[in-house]
Amino acid sequence: MASIINTGISALNAFKRQMETTGHNIANVNTPGYSRQQVQFTAREGEAIPQGYIGSGVEIASITRSYDAYLSTRVRDYTSSYEEFNVYRNRANQIDNVIADASAGIDSSLQQFFASVNDVADDPTSIPARSVMIDRANQLNDRFASLDGWLEDMRHQLNQDFERQTNEINALARSLADVNNRVRTLSGSTGGAPNDILDERDRLIDELSQYTNVSTLEQDDGTMNVFVGTGQALVVGVTYNTLGVIDNPEAADHKELVIRQPGGLVVNVTKQMTGGSLGGLVRFRDEVLDESQNALGRMALGVASFFNAEHRTGMDLDGDLGSDFFSMAAPEVLAGAGNGGTISVGFDNVANLTTHDYQMAFDGASWSLTDLDTGANVALSGAGTVASPFVADGMSIVVNSAVADDSYRLRPTRDGASGIGLLVTNARDVAAAELVSTSAAAANSGTGEIGAGALTTRSGNTKLPTPPGIAIDFQSGNQLGLTAGPAGTQFVDANGSALGASVAFVPGQTYRVDIPNLGVYDFTMTGSPAVGDTFNLSDNTGGVGDNRNARRLADLQTANLMLGGTASFADTYGALIADVGTKTYQAGSNAGMQESLLAQAEAAKSEVSGVNLDEEAADLLRFQQAYQAAAQVIN
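Here the numbering used here is used: position 30 in the sequence shown is 30, and no number is missing along the way.
Treat the hints with care, as some may be off.
Said to hold, decoys possible - Taking lysine to any residue pairs in the SDA-like style, the calculated list, with each CA pair at most 25 Å apart, reads:
1) Lys271 <-> Asn308
2) Lys271 <-> Val245
3) Lys16 <-> Ala617
4) Lys16 <-> Ser609
5) Lys271 <-> Ala337
6) Lys463 <-> Ser445
7) Lys16 <-> Ser407
8) Lys605 <-> Thr216
9) Lys16 <-> Val608
10) Lys271 <-> Gln219
11) Lys463 <-> Thr425
12) Lys463 <-> Gly477
13) Lys605 <-> Val98
14) Lys271 <-> Gly336
15) Lys16 <-> Gly244
16) Lys605 <-> Val58
17) Lys463 <-> Thr216
18) Lys16 <-> Gln40
19) Lys463 <-> Asp522
20) Lys16 <-> Ile634
21) Lys271 <-> Ala233
22) Lys463 <-> Gln594
23) Lys271 <-> His356
24) Lys271 <-> Ala309
25) Lys271 <-> Val58
26) Lys16 <-> Leu620
27) Lys16 <-> Val58
28) Lys463 <-> Ser327
29) Lys271 <-> Gln594
30) Lys605 <-> Gln261
31) Lys16 <-> Thr425
Since the hints were derived computationally from the structure, they do not count as laboratory data.
Working from the sequences, and respecting the hints, build out all of it.
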């Protein structure tokens, strides 16, 4: 019934609620996730009188949040992007700072080692110089191992972070499901769910966006479905799934992210967990940590492989054949749990190695090789047998036995830095001298000369007999002919293909002779030999003071041996530094941009949802005056 008393009471109650709400806003000015609340009034239905309708006061229509879903979504999106790039940048920056540091990286140790090799080349019989060379080789090995160990420590920490962050995500999922349950229960009651509960749910979703991308979908019952990553369901109504961390079936140190559903279904979602700090960790591991460790291993394998090959072609201080100088780690082969066969993997050409991991699989009829970094199929040449192994990206693969669905994860360079070791520990065993010497017969009448030459590839353990060694005669028809030497000695071309026992003579040309049970020897001839002139290749007996092999060992430092024959060791390490530095810079630039966008989005959201104390104080005075006026009406 319309009356001035009822009208005044309705106003008194309405403005009392208004002041209570304003006080609630002021009290929560510093509460994270709180949205400013407003009281919405509506006029009561008037009462009919003969002259028309007379008003009957006011009532509260609703108490609503100042909330904009679009602005909230923008803040979450920018939060996820910023956290992803920030985590990526911070982790990558750690690697960048170490590998680029002159005192901590490989470059200085590599230079010191090759400087010691040059010292041996300058004084090949010096025991102190040889001892320093061995010490510097040990220091280089230690530097490779320490850097690899440090990267392994980073991997261990990263795996622990995976566990910690998935646990925190699961705690948020559980809390969101609980809040959804409260919202659903209260949504059917008068007035619906309290605004503070909705703020709590939004705050939990905001926290979740720090770990991964988040999207939401509100249901008719008031509950909110929450999806993470690229759309994986985390919370559905009042139920939630959990994230977990498991070992890769083949590589236990390569953790995978899974979602476990209440029914027991487990789905691998590693590639789908994008955005946020968790997405940043996954990207850092796949793009920086794995690549850096593999690149470091590739460089160690390159140094060991090429140095060994050259050292084997020389002769030590006791006149013995050179041996491998460094030990090398074999490619890591990780077999699937259900495999029934086996494969053997070695190196075909270290220069062609990449920094990628691979998946080798057998479907029962044929083998396939997949690059796990790019997802591309890698062509396999050969038949996979001992006589004709599969060859791809510097690897040599022999299938010992195979069963359908066999699968292997191949890491050709992962253990390279940790597996390098020193095999030559005695200073006298450094092979500084050349195995073969060249000479021209004293009776030669022409002006032909034979160069010092070098054994470029060693394939056996039998030195040249002395005498007679190998005799090369200049024959009529401008031909060089092999007239004496071990059976089967012949000229070969640059690819190792046989040319026969004689070849045409071209002054200044390099000739290559394949010596059975020893290797391939290269030499040059100049001048104008006379028919019947003889040139000899013989064992370098007594030539322990020769420095030719030491000089070639020193020249390896600047030779383009790596990256398909396009880069030196220093260039290869520089490429690693440049790659990590570029990725770090790009991540930092992206993080800075996303931070700026996030600040703008938060400011826009705060304009709508934030509590402004000046406005609230002014409103409090205004509502207090209205309250006093309503009291005066009643009075």
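Quiz prompt | Which numbered hints fail | solution = Those not satisfied are hints 1, 6, 7, 10, 12, 13, 15, 16, 17, 22, 24, 25, 30 and 31.
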